[in-house]
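What follows is each chain in one-letter form.
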Amino acid sequence: MKTIKNGIFNENPIFILMLGLCPTLAVTHNFESSYIMGLCVLIILLFTNITISLIKKLIPKNVQVPTYVLIIATFVTCLEMILSKYVPLLHDVLGIFLPLITVNCIVLGRAISVASKENLKTSFLDGLGIGLGWTFSLMLIGFFREILGNNSLTLMNAISPITKYRAIYQIFPSSNYFPIDFFIKPAGAFFTLGLVLALINYLKNKEEK
Amino acid sequence: MNKKFKSIAALTITSLICGILIYIVFKLTN
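If you read the protein sequences in the order shown, they are chains G and Y.
Each step along the first sequence adds one to the number in the working numbering, with nothing skipped, and position 119 is 119.
Each number in the working numbering corresponds to the 1-based position in the second sequence with 209 added.
Since the hints were derived computationally from the structure, they do not count as laboratory data.
Computed from a predicted model, the values in this text were never measured in an experiment.
All C-beta atoms in this analysis are idealised placements derived from N, C-alpha and C, irrespective of residue type, glycine included.
Do not take every clue at face value.
With a Cα cut of at most 25 Å, we get these calculated PhoX-like pairs of lysine-lysine [unchecked claim]:
{"id": "1", "chain 1": "G", "residue 1": "Lys117", "chain 2": "G", "residue 2": "Lys164"}
{"id": "2", "chain 1": "Y", "residue 1": "Lys236", "chain 2": "G", "residue 2": "Lys85"}
{"id": "3", "chain 1": "Y", "residue 1": "Lys236", "chain 2": "G", "residue 2": "Lys61"}
With the Cβ distance kept under 7 Å, some of the chain Y side facing chain G (calculated, not the full set) [unchecked claim]:
{"id": "4", "residue": "Ala219"}
{"id": "5", "residue": "Leu220"}
{"id": "6", "residue": "Thr221"}
{"id": "7", "residue": "Thr223"}
{"id": "8", "residue": "Leu225"}
{"id": "9", "residue": "Ile229"}
{"id": "10", "residue": "Leu230"}
{"id": "11", "residue": "Lys236"}
{"id": "12", "residue": "Thr238"}
I would like the entire structure built from these sequences, with the hints used as guidance.
In structure tokens form, the structure reads like this:
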């Protein structure tokens with residue numbers, strides 16, 4: 001439990017470690033794509049951490065990184081094929097950022113720093129914690145960006161062929177000033193990330209005092 | 210020499226297993 005909590009709060013990949021910011025800024029224009037991307041990274045983290053933890057003694061030190069990249073790329077390729085077969089709309093929404101999970105700093109970082117040193121249980125829990133931390137962070141940014149930039153909250157749209165249910169809500173009554181397009185654009189992603197980071201640091205400093 | 214051989218063997222075996230896994234998923238999804 002401590003490892004999971006550590007991954008979500010103390011070692012949050014986005015707000016504390018500041019890793020994997022490229023997909024964070026790119027896919028959070030929509031709440032649904034944010035949590036789906038988060039879940040994809042969570043699945044990849046779990047599988048790679050478990051696999052690497054199991055075979056860590058068989059891999060010589062000098063070929064650690066290429067072997068780990070190979071393992072991560074395999075799981076990402078499998079996930080991409082499964083998504084394109086069963087949820088093609090979602091596969092299109094995530095686009096290039098789905099195969100780019102292979103080079104995500106968090107996945108390789110946790111594989112080298114945790115999975116290659118710790119036992120199976122710790123590696124699994126670390127993957128779960130970091131994955132959940134990443135998912136919650138993306139959801140938080142996606143939540144603010146979609147509401148402010150599109151005046152909506154998409155809970156289920158691309159995954160509706162599976163759930164047989166669509167859920168897109170309008171949050172505020174539309175006016176001349178609202179929604180603000182800026183938040184949907186890439187600059188809005190930086191701005192929102194900065195605001196959320198400032199808020200978290202403010203709350204952290206307040207707690208320390 | 211032994212170390213080099215071990216490294217190449219580890220990479221080759223991992224590639225092979227990964228290739229087989231991708232092939233299985235490809236066959237299942239197509």
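Now the hints, each set against the structure:
At most 25 Å may separate the alpha-carbon atoms for a hinted pair to count; G:Lys117 and G:Lys164 exceed this at roughly 43 Å. Between Y:Lys236 and G:Lys85 the alpha-carbon distance is near 11 Å, which keeps this suggested pair within the 25 Å criterion. Between Y:Lys236 and G:Lys61, the direct Cα distance comes to roughly 34 Å. Violation of the 25 Å bound is thereby established for this hinted pair. Because the beta carbon of Y:Ala219 sits about 5 Å from the nearest beta carbon in chain G, less than 7 Å, this interface hint is met.
With a cut of 7 Å, the hint placing Y:Leu220 at the interface with chain G holds, because the nearest CB-to-CB distance is about 5 Å. Because the beta carbon of Y:Thr221 sits about 10 Å from the nearest beta carbon in chain G, more than 7 Å, this interface hint is broken. A least Cβ separation of about 5 Å between Y:Thr223 and chain G falls short of the 7 Å threshold, and the interface hint therefore holds. Interface hint status for Y:Leu225: violated, as the beta-carbon distance to the closest one in chain G is roughly 10 Å, over 7 Å.
Hint status for Y:Ile229: violated, given a least beta-carbon distance of 10 Å to chain G, over 7 Å. Interface restraint check for Y:Leu230: the shortest CB-CB distance to chain G comes to about 6 Å, inside 7 Å, so the restraint holds. Taking 7 Å as the C-beta cut-off, the interface hint given for Y:Lys236 is violated, the closest approach to chain G being about 10 Å. Hint on Y:Thr238 holds. Least Cβ distance to chain G is approximately 4 Å, under the 7 Å limit.
In the structure shown, a violation is registered for the earlier hints numbered 1, 3, 6, 8, 9 and 11, in ascending order.
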